Amino acid sequence: METFFSKIFNWNVPLTEGKRLYFRIVEVVLGLQIMYNIWGWAFYIQDLTEVVLPLGLANYIDVSYSFGSNLPILNAAIISGLLVMGFLRKWRHSYILALLFFHLQYIARFSQGEISHGTNLGGIILLSIGASFSVVRKEEDALKTALGLIFFFVGLGYMSAAFSKLIGTGLHWADGEHLRLWIAERGTDKLSQNGVFELNILQTFLLEHTWAATLTLGFGLLVELSGFLLWFRKTRWIQTTFLLSMHVGIVATLNIYFSDYVYLLLLIGYPWDLLLEKVVNRHPILKTI
Amino acid sequence: MSRIKKKSMSILFAILFAYASLVATHEGEFWPFSIYPMFSQAGNPWTRSFVRDVSDELRPIESSIQTEQELYGKPFVLNSIGVHQNDLSNFLSKNNEWTPTRKQAVRNYFKNELDTKRLVIYKVRGELESGKVAMIYEPFMYLNADTTIVLN
Chain D
32 METFFSKIFN
42 WNVPLTEGKR
52 LYFRIVEVVL
62 GLQIMYNIWG
72 WAFYIQDLTE
82 VVLPLGLANY
92 IDVSYSFGSN
102 LPILNAAIIS
112 GLLVMGFLRK
122 WRHSYILALL
132 FFHLQYIARF
142 SQGEISHGTN
152 LGGIILLSIG
162 ASFSVVRKEE
172 DALKTALGLI
182 FFFVGLGYMS
192 AAFSKLIGTG
202 LHWADGEHLR
212 LWIAERGTDK
222 LSQNGVFELN
232 ILQTFLLEHT
242 WAATLTLGFG
252 LLVELSGFLL
262 WFRKTRWIQT
272 TFLLSMHVGI
282 VATLNIYFSD
292 YVYLLLLIGY
302 PWDLLLEKVV
312 NRHPILKTI
Chain L
89 MSRIKKKSMS
99 ILFAILFAYA
109 SLVATHEGEF
119 WPFSIYPMFS
129 QAGNPWTRSF
139 VRDVSDELRP
149 IESSIQTEQE
159 LYGKPFVLNS
169 IGVHQNDLSN
179 FLSKNNEWTP
189 TRKQAVRNYF
199 KNELDTKRLV
209 IYKVRGELES
219 GKVAMIYEPF
229 MYLNADTTIV
239 LN
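Heads up: the sequence lines are chains D and L, in that order.
Under the numbering used here, the first sequence has 255 at position 224, and the numbering climbs by one with no breaks.
Under the numbering used here, the second sequence has 130 at position 42, and the numbering climbs by one with no breaks.
Calculated from the structure, these hints are not laboratory results.
Relax, there's no trap hidden among the hints.
The calculated lysine-lysine pairs, modelled on DSSO-like cross-linking and capped at a C-alpha distance of 27 Å, are:
1. K191/L - K162/L
2. K265/D - K93/L
3. K38/D - K309/D
4. K205/L - K162/L
5. K169/D - K93/L
6. K221/D - K220/L
7. K38/D - K95/L
8. K221/D - K162/L
9. K95/L - K121/D
Selected chain L positions facing chain D (Cβ under 7 Å, derived; list incomplete):
10. S96
11. F118
12. I123
13. N178
14. N196
Small disclaimer: the values here were computed from a predicted structure and weren't measured.
Even for Gly, the Cβ is constructed at its ideal location relative to N, Cα and C.
Please put together the full structure from these sequences, using the hints given.
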């Protein structure tokens, strides 16, 4: 058991300067991505008037208090401030508190019936970093803990998606006929949102060849089921490449672009720390970041 | 077990416990936790929506199932007013009771348009029939400057 988790957390591997710099980059990208979302939502929330589907803590508190007011903007400012404080190591609980306020912003924005998963990955990464910094005082140990948690829960999330499909439908989830129905659904959405929708070459091919659609869905299901391969350093980059391929496939077939997922996977899934180690050795000033 | 190992494992299991408890008691969703159920029920019919501008429509607006060629008016593009399709579509499909405030919430999406336009929101249903996708279009809500009518 301990050996299994040792492979995820790499407790016994010394933290290199390259990995430390890599972690700082993860923090910056994550922080910017969160700010992009929360500030965009802040102005959208102001135009809302009614809660249709309460999510998360909105089951217990009435989030309509924030509609039509400047509270979402204030909340965005608080989250931004907490993220900056976390990055500057001013207060070790600031990241986890940022997650709480991020949750409040999310449940206000997504109170209209849509359950958005676009920011779940960012939320999980923020939770992993926030919980580690709150509990583990020594920075080197906190970084190792945070990275282990990130890999574990991101992998688990993808596996959960696969199990949801197997439980919700069964093995015949991958039947290519189902893709036909989803492409029509997404076409309706695109038409409503943009006024135009035309099938691309891949969509046309998949609609004409059900066996190819079945293979495509089967590949996606298998890749999600293999989420646990993110847990181990040796297989992480391979699984990340498959996951990114799956996300590219989702864009091409269903016009759904999980941009936050793609950027974060690109960042956490490859051993950038090895490259950064060489950069840090050439430019020691980077150790001060 | 060293101190860091104990702490890492404690955090992992605490989050895992929170994850399992919260998704189990909140229908699979408690951001940032989720069982990611999207697309999990394959083959089921879906219901979405779109909006048509019927300002120049001469036919009386009625609730009846239509073909694509029979749709009233012309397309109204949601991007032109900065409203997200998922919000409007889910607002309509997940709302069972149309109270005056909920009708007002829909009107609010189009607040700058209704002085000059008459709009019809359609519900669109898609289902698999013998390997083909059958689409059913049904006018659901009519909006003009001072009226909101739920058609069915």
